[in-house]
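Trainee: One letter stands for each residue in the lines below.
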Amino acid sequence: MNTAMTTGALRLRRVPGKYLPVVVTGCLLVAMFATGGIRYEGFATGQVILNVFIDNAFLLVVAVGMTFVILTGGIDLSVGSVVALSTMIAASLMEGPGWPPYLVVPLVLAVGSGLGLVMGYIVHAFDIQPFIVTLAGMFLARGLCYTIGTDSIPITDPTFTVFAQTRIDLFADLWISPSVLLAVAVVVVAAYVLHYTRFGRTVYATGGNEQSALLMGLPVGRTKIAVYTISGFCSALGGVLLSFYMLSGYGLHAVGMELDAIAAVVIGGTLLTGGSGFLLGTVLGVLVLGLIQTIISFEGTLSSWWTKIFIGMLLFVFIVLQRLFSARSRR
Amino acid sequence: MTKPGDGRGEMALPAPVLTMRGIGKRFPGVTALDGVDLRLLPGEVHALMGENGAGKSTLIKVLTGVHAADAGTVELEGRRVAFAGPLEAQQAGISTVYQEVNLCANLSVAENILLGREPRRRGRIDWKRMRARATELLSRLELSLDVSAPLSSCSLAVQQMVAIARAIDVDARVLILDEPTSSLDAGEVAQLFRVMRRLKDQGIAILFVSHFLDQVYEIADRMTILRNGKLVGEHLTRELSMVRLVALMIGQELAALERLHGAHRTFDRPLVEARGVGRTGAVEPFTLTVHEGEVVGLAGLLGSGRTEIARLLFGADHASTGEMAVGGSPASLRTPRAAMNHKIAFCSENRKADGLIPDLTVRENIILALQATRGWTRPVPREQQDELVGRYIKALKISPPNPEQLVRNLSGGNQQKVVLARWLILEPRLLILDEPTRGIDVGAKTEIQRLVAELSDGGMAVLFISAELEEVLRLSHKVEVLRDRRLVAELPNDERLTTDVLMETIASGGRGR
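Residue numbers (my numbering), protein chains in the order written: chain A, 1 to 331; chain B, 332 to 844.
Be aware that one or more of the hints could be misleading.
Label-pair ranges, simulated between beta-carbon atoms [unchecked claim]:
id	chain 1	residue 1	chain 2	residue 2	range
1	B	P661	A	A31	53 to 61 Å
2	A	L252	B	P712	54 to 62 Å
3	A	I128	B	R471	54 to 62 Å
4	B	R448	A	Q211	42 to 50 Å
5	B	D552	A	Q211	43 to 51 Å
6	B	A463	A	Q211	41 to 49 Å
7	A	A172	B	A480	55 to 63 Å
I should point out that these hints are in silico values taken from the structure, not numbers from a laboratory. These numbers were taken from a predicted model, which means no experiment stands behind them. For every residue, glycine included, the Cβ atom is placed at its ideal position computed from N, Cα and C.
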């Protein structure tokens with residue numbers, strides 16, 4: 001054990017600084033998986049990992065949007081409420097007036113993006129802290145849920161139920177849900193945008209030093225508005241995926257999901273101050289959160305609140321690590 | 332006053348790439364620029380000289396479109412231009428590298444050079460071509476480094492080069508370097524100068540702003556000198572002596588000055604002694620003794636290390652070498668609190684940022700430091716507050732004499748008096764005044780000067796920092812001359828000492844005497 005750790009540390013030193021947080025999270029994930037495999041019968045199977053994806057596809061999509069925002073140095077607290085609002089709009093329109101899904105889904109996505117656009121505009125135009133603007137958005141969206149209805153609305157639309165129950169068989173006995181495919185597609189597109197487009201690089205530049213980015217002639221304002229719009233879009237998409245998963249719309253869905261998303265992004269090694277981080281890290285962060293839940297459920301005797309305790313402890317460790325990394329790179 | 336064009340060799344000058352004529356700029360209450368001309372020739376390094384507040388940065392901001400000029404014209408290669416912002420200026424070929432490197436340290440060197448202009452193939456950033464292009468641009472500056480490394484891993488000097496590489500990539504014809512050397516060491520400055528000469532050979536006009544006279548004389552071909560927002564002259568560097576330059580920058584309003592103090596006295600009771608105290612990168616080791624009842628003036632141009640010495644004596648910065656003694660016994664002044672325990676007080680240069688809290692009343696501001704020494708568990712009784720504050724308002728003639736007035740509503744001079752009162756209430760033995768009279772009206776200025784004289788007669792030691800040599804001369808018993816972050820001379824203030832002598836000492840770096 002001891003030797004394994006020191007050789008690991010040696011290898012870590014050769015990793016370029018910017019990848020280090022991601023590598024740490026990756027190692028953590030492997031360690032957690034190994035521990036689970038040793039402790040519990042039937043844990044060390046591919047399906048356990050895939051189930052984490054299946055159960056957290058919506059969180060992954062939301063966390064992708066959050067990654068954009070945090071990379072610019074902002075924060076979006078409204079995502080959980082927007083997710084809930086999306087399930088509510090979808091359920092009420094399909095179950096009440098009987099709108100078809102191909103109308104409802106684009107509408108939901110438009111509402112989410114629109115909310116993000118407005119918040120981004122306010123953040124940029126009035127130079128207000130994103131924290132407070134998106135806090136307002138959070139209350140607004142959550143409140144709107146209850147104007148639609150206070151009870152849970154079950155979704156019986158055949159397209160939705162089919163989508164919810166479809167299993168895509170991979171090899172052996174492994175399978176995933178369509179939501180996972182969608183979430184992975186979102187991750188791939190987002191990673192491409194961040195690394196291979198001018199917009200993506202401007203996101204990083206803005207988070208690195210907004211003043212400099214402005215003086216370098218980059219469209220900082222437009223970029224800031226765009227990241228909140230993207231986050232709004234991802235939340236709405238996450239909401240659609242959540243309604244596949246839950247088959248209901250409810251104002252109390254996704255309470256606190258904004259914090260899960262932020263936690264996933266931070267555990268994935270993205271700096272809260274912006275400018276540094278990778279989408280791969282966010283994926284790993286979501287997997288770590290999901291795997292904690294899985295381990296707790298395998299343990300059986302522990303209350304589910306232990307999930308929160310572990311996440312809390314992990315966050316402490318990771319923010320301290322971040323501080324150490326940034327202190328080192330400043331030198 | 333020399334008008335541009337007075338310089339000999341006019342015939343040989345090529346057509347200027349940039350001409351600014353009669354530039355005027357007013358801000359509420361101040362005329363920042365008044366009829367300033369500037370000509371930049373292709374392939375020259377042109378120094379823009381002037382003391383703080385002379386209008387250098389305003390002129391640069393007008394040129395790059397940050398501010399719109401109220402009067403005058405700007406011509407770039409014969410065409411009249413007026414830029415709406417730095418980006419537009421950059422696109423027209425005027426690039427600026429600011430004092431603080433304005434880059435994104437979290438991104439790679441290559442990205443910092445090419446951000447916003449990344450080579451693309453079908454909308455996709457072509458990282459390979461980007462690195463190649465960045466490497467090529469840096470090689471134009473005779474620099475080879477790993478362009479995919481993050482900028483944060485580079486030294487400040489290299490970051491500056493990267494900023495320059497970014498600036499020249501846009502086909503710059505005019506490159507403005509605003510205080511590029513202020514945080515570089517000698518080797519890095521030499522490297523920067525090599526790059527500047529190379530760019531100059533490529534026909535780029537470089538506008539160079541620096542407070543370091545040696546550097547200006549080493550690199551600049553010509554210079555334009557500003558004072559108080561007005562053009563003082565345009566000269567060939569080789570035809571203007573340093574003494575003359577300093578005189579032009581500071582101005583020679585040698586009005587008959589009464590000295591506030593009698594003849595030069597000798598002081599025998601040292602209060603604060605600094606032996607070989609210095610701080611790497613801020614000020615070279617210096618030895619300085621301040622006696623009880625003595626006013627010591629610090630003279631030197633901006634950036635010469637005046638404030639740095641004050642901060643070291645007050646413990647606001649840590650000295651990296653040397654030792655200090657207070658009242659004859661060794662003392663470690665490592666924090667402002669320690670300095671305050673030794674009854675050293677410091678009125679900082681920037682009264683708005685460091686000193687005053689504009690939303691508190693005059694009384695609250697004055698009582699602040701006294702309260703701090705007592706700790707918050709023992710509040711100063713209200714009657715005592717009123718009594719003390721009333722006394723100092725009267726003594727310093729703070730107007731309006733209302734202790735409950737918000738400080739933000741006071742004039743600059745009166746705000747300065749509030750800062751003074753705050754420290755005087757502590758009855759310090761050494762009072763450090765950093766530019767106490769800057770930006771305040773003449774009346775308040777003389778009152779503060781008189782007050783300093785009175786305090787020293789009462790036995791208080793004063794370290795007096797001012798950009799105005801006359802003022803230093805008028806108040807001080809001895810004058811410490813600083814130049815390029817080094818204490819170069821200590822001059823007793825006797826009849827022979829005049830502002831001319833001071834200027835000469837600053838210009839020669841103490842070598843002349």
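Trainee: Each hint: holds or not?
Mentor: We went through each hint and held it up to the structure:
1. P661/B to A31/A: 53 to 61 Å: 54 Å, holds
2. L252/A to P712/B: 54 to 62 Å: With a Cβ separation near 56 Å, L252/A and P712/B satisfy 54 to 62 Å, so the hint holds.
3. I128/A to R471/B: 54 to 62 Å: Roughly 43 Å apart at Cβ, these two residues miss the hinted range, so it is violated.
4. R448/B to Q211/A: 42 to 50 Å: 19 Å, violated
5. D552/B to Q211/A: 43 to 51 Å: 33 Å, violated
6. A463/B to Q211/A: 41 to 49 Å: Since A463/B and Q211/A have Cβ atoms about 29 Å apart, the given range 41 to 49 Å is violated.
7. A172/A to A480/B: 55 to 63 Å: For A172/A and A480/B the Cβ distance comes to about 44 Å; the hint is violated.
Hints 3, 4, 5, 6, 7 from the list above are not met by this structure, while the remaining hints are.
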